[in-house]
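A.B. asks: Protein chains in written order, with numbering that gives the first Met the number 0: chain A, 0 to 192; chain B, 0 to 192.
Simulated from the structure, these hints should not be mistaken for lab results. Please note that the accuracy of each hint is not assured.
As the list claims (entries may be wrong) - Not the full set, but computed from the structure, chain B residues with beta-carbon under 8 Å of chain A: (1) Gly22; (2) Arg24; (3) Thr113; (4) Pro116; (5) Glu117; (6) Leu122; (7) Ile126; (8) Ala155.
As the list claims (entries may be wrong) - Computed footprint of chain B on chain A; a stretch qualifies when at least three of its residues, placed anywhere within it, have a C-beta under 8 Å from a C-beta of chain B: (9) 14-26; (10) 44-52; (11) 133-140; (12) 175-188.
Stated by the list, open to error - Just a sample of chain B residues kept apart from chain A, beta carbon distances all over 12 Å, derived: (13) Asn39; (14) Ile64; (15) Ala69; (16) Lys76.
Just so we're clear, the structure is a prediction, and the values are computed from it rather than from any experiment. Glycine is no exception: its CB is placed at the ideal position from the N, C-alpha and C atoms.
2 protein chains.
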Amino acid sequence: MVRNPERRTALVDAAIEVLARDGARGLTFRAVDVAAGVPNGTASNYFANRDALLAQVTGQIHQRIAPDPAEVAEVMKAPPSRALVVELMGWINRRVAAQRTGYLAMLELRLEATRRPELQEELTRAIRETLDDDLRFHEEGGLPGDRTAVLLTYLAMTGLMLEQLTLPGVVPAEETDGLIAALVERTIGPSEG
Amino acid sequence: MVRNPERRTALVDAAIEVLARDGARGLTFRAVDVAAGVPNGTASNYFANRDALLAQVTGQIHQRIAPDPAEVAEVMKAPPSRALVVELMGWINRRVAAQRTGYLAMLELRLEATRRPELQEELTRAIRETLDDDLRFHEEGGLPGDRTAVLLTYLAMTGLMLEQLTLPGVVPAEETDGLIAALVERTIGPSEG
Numbered sequence: 000m001v002r003n004p005e006r007r008t009a010l011v012d013a014a015i016e017v018l019a020r021d022g023a024r025g026l027t028f029r030a031v032d033v034a035a036g037v038p039n040g041t042a043s044n045y046f047a048n049r050d051a052l053l054a055q056v057t058g059q060i061h062q063r064i065a066p067d068p069a070e071v072a073e074v075m076k077a078p079p080s081r082a083l084v085v086e087l088m089g090w091i092n093r094r095v096a097a098q099r100t101g102y103l104a105m106l107e108l109r110l111e112a113t114r115r116p117e118l119q120e121e122l123t124r125a126i127r128e129t130l131d132d133d134l135r136f137h138e139e140g141g142l143p144g145d146r147t148a149v150l151l152t153y154l155a156m157t158g159l160m161l162e163q164l165t166l167p168g169v170v171p172a173e174e175t176d177g178l179i180a181a182l183v184e185r186t187i188g189p190s191e192g
Numbered sequence: 000m001v002r003n004p005e006r007r008t009a010l011v012d013a014a015i016e017v018l019a020r021d022g023a024r025g026l027t028f029r030a031v032d033v034a035a036g037v038p039n040g041t042a043s044n045y046f047a048n049r050d051a052l053l054a055q056v057t058g059q060i061h062q063r064i065a066p067d068p069a070e071v072a073e074v075m076k077a078p079p080s081r082a083l084v085v086e087l088m089g090w091i092n093r094r095v096a097a098q099r100t101g102y103l104a105m106l107e108l109r110l111e112a113t114r115r116p117e118l119q120e121e122l123t124r125a126i127r128e129t130l131d132d133d134l135r136f137h138e139e140g141g142l143p144g145d146r147t148a149v150l151l152t153y154l155a156m157t158g159l160m161l162e163q164l165t166l167p168g169v170v171p172a173e174e175t176d177g178l179i180a181a182l183v184e185r186t187i188g189p190s191e192g
């Protein structure tokens, strides 16, 4: 296995582009080489097999779509109110549009995971970790809303992401902000914060 | 084009199985013929091209996953309460497990739609119609909860469906009933029904 880390990263990035564009079945070493603009045979020098490539894709997508910690710290300077939760959810929603390729590739990986138990195990661990981080972030930041509120918000934002990425006409963009505000308001409930 | 309606239906059903199993890129006339157990070349006698096949798949999946009207009428004999909305959502959630192939094929179609504007238009129309039917059903049945409640419930149920089909370990099955009850309770809010 060749050990040029920049090239490895560029190959995994190319794999993410191929996944988003052509789906999991289009993800071949040859397609990755073409997308990365490297000589045929390069990807196969970096990854023992397709599963090894998929394993690295999972981690690298998470890095691509994760928000910048400095930006998060900036947003979190505001008091921990409902308005701040609405702002955070609006921000996640805009990230789906800005990081469309990464989010689409993640959807393709989810479907590929229904056919590959090892990938399913790894993706489940990665997404469960992200969700646990969200729950901890919410609690430690003193944001209003219990664990159930965070989980319901996560599910509805996941549904909205699926609509926005695949069939943006189902829930019109002009309704999105109002729905996100109502989601936060109603899942937190009247009794808190 | 050959005109044997039963065989046409069987070919579209086989296409749904292929979509769920192999993804959109695996959906070829040859794969459909094999899955349907018919001679090679049969599917190409029934559909002018792959787009014509995909168009019929959309309608037929909707028929497969739609609940039986008689069953709906039976459930709707109960008074239009929050408990009934919880029961309806639990029922939808169990249908995702029971009709796994149809729902998975629909997710594959959604991703294929990101690459095919005509399919996207058709799927958007079909899913928007289903959502409008849900909104009308909710209102005409006198169920508690406003339009926003129905839309938020739809989004969260869509997120739950995606988790359940692709990464069932992220939201454990034993938490699902409690989350659905809380979703209905909170999106309807305290002031109604």
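A.B. asks: If a hint holds in the structure, say so; if it doesn't, say that too.
C.D. replies: Hint-by-hint comparison with the structure:
Taking 8 Å as the C-beta contact cut-off toward chain A, the hint placing Gly22 (chain B) at the interface holds, the least distance being around 5 Å. At about 4 Å, the closest approach between the beta carbon of Arg24 (chain B) and any beta carbon in chain A falls short of 8 Å, and the interface hint on this residue holds. The restraint placing Thr113 (chain B) at the interface with chain A holds, with a minimum CB-CB distance near 6 Å, inside the 8 Å limit. Against a cut-off of 8 Å between C-beta atoms, the interface hint on Pro116 (chain B) is violated, since the closest Cβ of chain A lies about 11 Å away.
Because the beta carbon of Glu117 (chain B) sits about 13 Å from the nearest beta carbon in chain A, more than 8 Å, this interface hint is broken. For Leu122 (chain B), the interface hint holds, since its Cβ comes within 8 Å of a Cβ in chain A; the closest pair sits about 6 Å apart. Satisfaction of the interface hint for Ile126 (chain B) is found here, the shortest Cβ-Cβ separation to chain A being roughly 5 Å, below the 8 Å cut-off. At a threshold of 8 Å, the smallest CB-CB gap from Ala155 (chain B) to chain A is about 4 Å, leaving the interface hint in force.
With a cut-off of 8 Å between beta carbons, the segment 14-26 of chain A has 6 residues touching chain B; three or more are needed, and the interface restraint holds. Beta-carbon proximity to chain B at under 8 Å applies to 0 residues in the segment 44-52 of chain A; the threshold of 3 is not reached and the given coverage is violated. Closer than 8 Å: that is the beta-carbon criterion, and the segment 133-140 of chain A has 0 residues meeting it against chain B, so the requirement of 3 is violated. With a cut-off of 8 Å between beta carbons, the segment 175-188 of chain A has 7 residues touching chain B; three or more are needed, and the interface restraint holds.
The claim that Asn39 (chain B) lies off the interface holds: its Cβ sits roughly 21 Å from the closest Cβ of chain A, which is beyond the 12 Å cut-off. Here Ile64 (chain B) stays apart from chain A, with its beta-carbon at least about 16 Å from theirs, past the 12 Å limit. Consistency note on Ala69 (chain B): stated as away from chain A, and its beta-carbon is indeed over 12 Å from all of that chain's, at 28 Å minimum. Listed as outside the interface, Lys76 (chain B) is consistent with that label: its C-beta sits roughly 29 Å from the nearest C-beta of chain A, beyond the 12 Å cut-off.
Checked against the numbered hints above, the structure violates hints 4, 5, 10, 11; every other hint is satisfied.
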